[in-house]
Every structure is written in structure tokens, then in C-alpha cells.
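Visitor: Let the sequences and hints guide you as you build the complete structure.
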Amino acid sequence: MSLIKFCNVKKVYKSGVTAIYDLNLTIDKGEFVFVIGATGCGKSTLIKMLYREEKPTSGQIYVGGLDVARLRNSKVYKLRRKIGVVFQDFRLLPKLTVYENVAFALEIFGLPKSEIHGKVIKVLELVGLKNKAKHYSHELSGGEQQRVAIARAIVNGPKILICDEPTGNLDEGTSMEIMDVLEEINKIGTTVIMVTHDTEIVNKYKKRVILLDAGRLLKDYKEGTYNHESA
Amino acid sequence: MKALRILGRNIRDAFKSVFRNFSLSLASISCITITLLVVSISIILTYNVNNFAFLMEKDVTTVAFLKRGVTSEEILAVEEAINRLDHVENYEFKSKKEIAEEMMRSSDIFKTIMSQYTDEDNPLQDTFLIKVTDIEKIAEVADAIKEFENVDVVKYGEGMVEQLVAVFDIVRKISIGIVAALILVTSFLISNTIKITIFSRRREIQIMRLVGASNINIKIPFIFEGLFLGIMGSILPIIITTYGYFAFYKNFDGRLFSPFIRLIEPEPFVYGASAVLIIIGMSVGVLGSWRAVKKHLKI
Numbered sequence: 001m002s003l004i005k006f007c008n009v010k011k012v013y014k015s016g017v018t019a020i021y022d023l024n025l026t027i028d029k030g031e032f033v034f035v036i037g038a039t040g041c042g043k044s045t046l047i048k049m050l051y052r053e054e055k056p057t058s059g060q061i062y063v064g065g066l067d068v069a070r071l072r073n074s075k076v077y078k079l080r081r082k083i084g085v086v087f088q089d090f091r092l093l094p095k096l097t098v099y100e101n102v103a104f105a106l107e108i109f110g111l112p113k114s115e116i117h118g119k120v121i122k123v124l125e126l127v128g129l130k131n132k133a134k135h136y137s138h139e140l141s142g143g144e145q146q147r148v149a150i151a152r153a154i155v156n157g158p159k160i161l162i163c164d165e166p167t168g169n170l171d172e173g174t175s176m177e178i179m180d181v182l183e184e185i186n187k188i189g190t191t192v193i194m195v196t197h198d199t200e201i202v203n204k205y206k207k208r209v210i211l212l213d214a215g216r217l218l219k220d221y222k223e224g225t226y227n228h229e230s231a
Numbered sequence: 232m233k234a235l236r237i238l239g240r241n242i243r244d245a246f247k248s249v250f251r252n253f254s255l256s257l258a259s260i261s262c263i264t265i266t267l268l269v270v271s272i273s274i275i276l277t278y279n280v281n282n283f284a285f286l287m288e289k290d291v292t293t294v295a296f297l298k299r300g301v302t303s304e305e306i307l308a309v310e311e312a313i314n315r316l317d318h319v320e321n322y323e324f325k326s327k328k329e330i331a332e333e334m335m336r337s338s339d340i341f342k343t344i345m346s347q348y349t350d351e352d353n354p355l356q357d358t359f360l361i362k363v364t365d366i367e368k369i370a371e372v373a374d375a376i377k378e379f380e381n382v383d384v385v386k387y388g389e390g391m392v393e394q395l396v397a398v399f400d401i402v403r404k405i406s407i408g409i410v411a412a413l414i415l416v417t418s419f420l421i422s423n424t425i426k427i428t429i430f431s432r433r434r435e436i437q438i439m440r441l442v443g444a445s446n447i448n449i450k451i452p453f454i455f456e457g458l459f460l461g462i463m464g465s466i467l468p469i470i471i472t473t474y475g476y477f478a479f480y481k482n483f484d485g486r487l488f489s490p491f492i493r494l495i496e497p498e499p500f501v502y503g504a505s506a507v508l509i510i511i512g513m514s515v516g517v518l519g520s521w522r523a524v525k526k527h528l529k530i
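Protein sequence lines correspond, in order, to chains A and B.
All residue numbers for the first sequence refer to the working numbering, where the first residue is 1 and numbers rise by one.
All residue numbers for the second sequence refer to the working numbering, where the first residue is 232 and numbers rise by one.
Where hints are given, some of them may not hold.
Claimed, not checked - Straight-line alpha carbon distances no greater than 30 Å define the calculated DSBU-like cross-link-like pairs of lysine-lysine that follow: (1) A/48 with B/529; (2) A/48 with A/14; (3) B/426 with A/55; (4) A/95 with B/247; (5) A/5 with A/29; (6) A/113 with B/450.
These are calculated hints, taken from the structure and not from any lab test.
Guide: In C-alpha cells, the structure reads:
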């Protein structure tokens, strides 16, 4: 069974703008998927519907067996526990240290301190920031902040990691570092869905590519490259 | 164990965030403090006015004068009739002889006058002194007694009593209205101040939602925070009310302007007032936080 399934999904915003027309899509466990397309093509809407910041106007979305479209506001946490989300602007809490930012995601579950400590250290090691655990986020570079955000997103061990242009604010070298981390996470078995503009990254990593154009699924390459002219 | 850990974390977080967002916490606390002080003053005023009204009302007595030359059987009949009436708190019979003795005791002039009469030609009348349970029923009771056989006249300070009752009733209603309005205004003010506090932390709430905290999970620390703010905000008003009222009572020796206006004794009144203040403080803190967080739990 597929991990994520979109069935005839349509999204019309209140302003009357249609962001997604009749989308059908399945993503299996363990995949690494790039979602690409021009600005305003519906990429962001697509992933916002995945973690239920937006609800589809019609159609069904299933994520790990949950019917996302019908999920009540008070039950959204059930979905969010299966998903980690990383944003372009990191969204870290400035008043907390790196360690506290990551531990934040575990503390709400009431885990014992020793268990939280073990998990946080392990995940900080994975993203290569173990030595910066006591720093505050403003003391870190952009790439490091994004790695903290990734650590926070995966510390719960989610099945799916959603990344909304995680390299959008970073230079090329740092972007590649982030990509290495994401690939590492994907190898552990986490499904990664990444929205990006970065042609170079898409071409270099040769993963599945979903190309959106004006709200429609234009192409779905198995091992694609991003060729802007073809879009 | 797990629930205990979550609770412990929530309380710890609430404490932390009160101090981490100290300037905004201080705004909420001082808002609570100031309004609770006003509430405290109006509670003290209301209670004292009510107490004074209550004491006055208790002192109002209806006097029923019996006809001249009633026999002891007839007096007994009147007593039984009074006994059967509703709204009678208690009554007391005074024979004309007793009244004469009282008068003679009270002043020398009365003594000289009264000593000219014997028990037989005593010009006074036998009376019943009646106290009613509810001052608003005094006219009703007086009218009923007037109808009894052998009752000559009934007096209860007509006119004056009705006016007094009306005035006290208005004062009571107004003061209760003021206290209620103050509490309402306080909770709005505090709710708004806490809203500002929480608005500055909406990102934190967003992230909590994002990493899978349930709504209850997110609300609880903020509710504890509201509770702390409420408690901290009521400390000063409680201290001021307690010591202030003790000092006020002592300074005026328990009376205001005249011996008739007695103040409520500070104990246990101030403890009750303090309890009311802290309860108001806590509940507006909790309610304010609850309302403010709710707005940010929609994404």
C-alpha cells in the first residue's frame, strides 16, 4: 500500500484562485521525491495539504492511513506525529538553545529526560551539530540552523519528512550539505518530499521528480532531471 | 508516570515563560493588581453598606398598643394571634407597669410624673414589641396586627422605614452592579493583556502544533501561566486589603462618623475578601489565557 495518496484533489482558495486541479498521485514508503515547477504552480499548496495547513476543496488525501481531508482541527496532531516539516525560514525558537529546540519536539510527549537526551544527541550527531548543542540559534549559520530544523523534524522518527525549499536561503555549498543530510535520512527509511527551485540539486541527485504546472501534474519522472525549458 | 511528567513539565514551562517574557508578564500582573485593588475597595464598601443596612433593619421594631383595660385572657389571645403570623422574628410583651418602671428608672422627671399615678390609673398602655424577619414585610405585619381585637394602635415609624428600605435596596443593587461590572472589565483587560503576551509567542504555538502537540497539550502550559499571573497579581491587593482594613478599622475604632455606623470586624471578613480576590485573579488569568491561546490553534 502506498504511504501517500492523492485522489482527485482540487484546491480552490477563498479568493477564487484555483491552486490545484484534479490531482492524482501516489508516493510509496522510502521514496525521495522532488516537487518542482514555476512559482505559483501549486507546489506549496500541495505540501501544505499534506501536513494539513490547507484542506482540499474536494477529493481525498491519505497519509499513512489517515484521511487528511476529513481530519478535525483537534485531531491534526495525529497526522503531525507521522510527519516532520522543514521550512525555508527554519522556524526555530530564538530563546531556546539548539538542544532545547530539538528536545522541544519530544518533551510534549512526556518522555523521561534520559530518553530525550539520548534521542536529541543521536539526531544532532546525524546532522553534524553535536558540538553546537548549547548554542542559541542566532549564533549559528543558515546551514546550521536548517540542520537544527531538520533534527527537530526527524527526532520523533516520523515516516515522512516534508521540506519546503529547505535550501532556498542557502548558498550552493551549504545546500549540498543539507542534501547530504536529507539523503542520509532517506537511507534510514524515511520518505522525503522536497519542494525546490534548485535545478542543480535535482539534476545531481536523480530522484523521482514531480513537475507541476499551473495546478496540474505535468510530468512524473522516475529518475528525472529538471529541464526548465520543457516545463 | 507519563501524565505526571507532562504536568511537571507544564508547570516548569509556565514558570520559565513568566520570567522569560518578563516585561509582558509584568504588564499582565500589574493590570490584575490594579483592577483587583479597585475590586477590593468596592467589596469593602459594599459589605459595610450592607452590614449597616442589616443592622439598621434589625433594630426596627413594631409596637402594638393594646386597648385600655384589657384582661390577661385577652392579652393571651393577642399573643396567640401574633404567634400565628408569618414573618415574625420575635416579640416581647411589656405591661404598662413594666413600662412605667422603665421610664421612672430612665430619668428623674419621669419619676416625679409617674409617681403621681398608681397601678390602677396608669395612663400608659400594655404593648407588644414585635421584630419582623424581613423589613419589607413590616407594613404587612403591622396591618395584620391592627385588625386584632383589643389592639388599639400599631406604630413602626411608617414612612421613615419605607424610605430607609428603598434607599438601602438601591445602594445594595448599585454596589453589586459595580462589583460585577468591575470583575467583567478586569477579565477583559487581563484577557487582552495576555493576548498580547501570547501573540508574541504565536510562532512557538505554531511550532508546537507542527511537531505534533495536541491542542490540550499546547493550552495547558499557557493556562498554568495564566494561573501564575493571576496569583502573582493578587498578592499585592490581598496584602493591602488585609493590612489596610485592619488599620482602617483600628483608626476609626470600628465606627464611622457616629456610633451608629459600625464597621464590619476585620476578622474573618478580610480573609473572605482575600479569598474572593485570589479566586477572581486566578479565574480571570486562566480564562484570559484560554481565550487568547484558542485563537492560535486553528492552523
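Visitor: Does the alpha-carbon distance linking residue 426 of chain B and residue 55 of chain A stay inside the 30 Å limit?
Guide: holds (27 Å)
Visitor: Is the Cα-Cα distance between residue 95 of chain A and residue 247 of chain B 30 Å or less?
Guide: holds (11 Å)
Visitor: Holds or violated: residue 113 of chain A and residue 450 of chain B, Cα atoms, limit 30 Å.
Guide: holds (22 Å)
Visitor: Given the hint that residue 48 of chain A pairs with residue 14 of chain A, test it: the Cα-Cα distance must not exceed 30 Å.
Guide: Cα-Cα ~16 Å, so holds.
Visitor: Sort out whether residue 529 of chain B lies within 30 Å of residue 48 of chain A, counting only the CA atoms.
Guide: This hinted pair holds, its Cα atoms lying about 14 Å apart.
Visitor: Take the C-alpha atoms of residue 5 of chain A and residue 29 of chain A, compute the straight-line distance between them, and say whether it is at most 30 Å.
Guide: holds (11 Å)
In this structure, none of the earlier numbered hints is contradicted; all agree with it.
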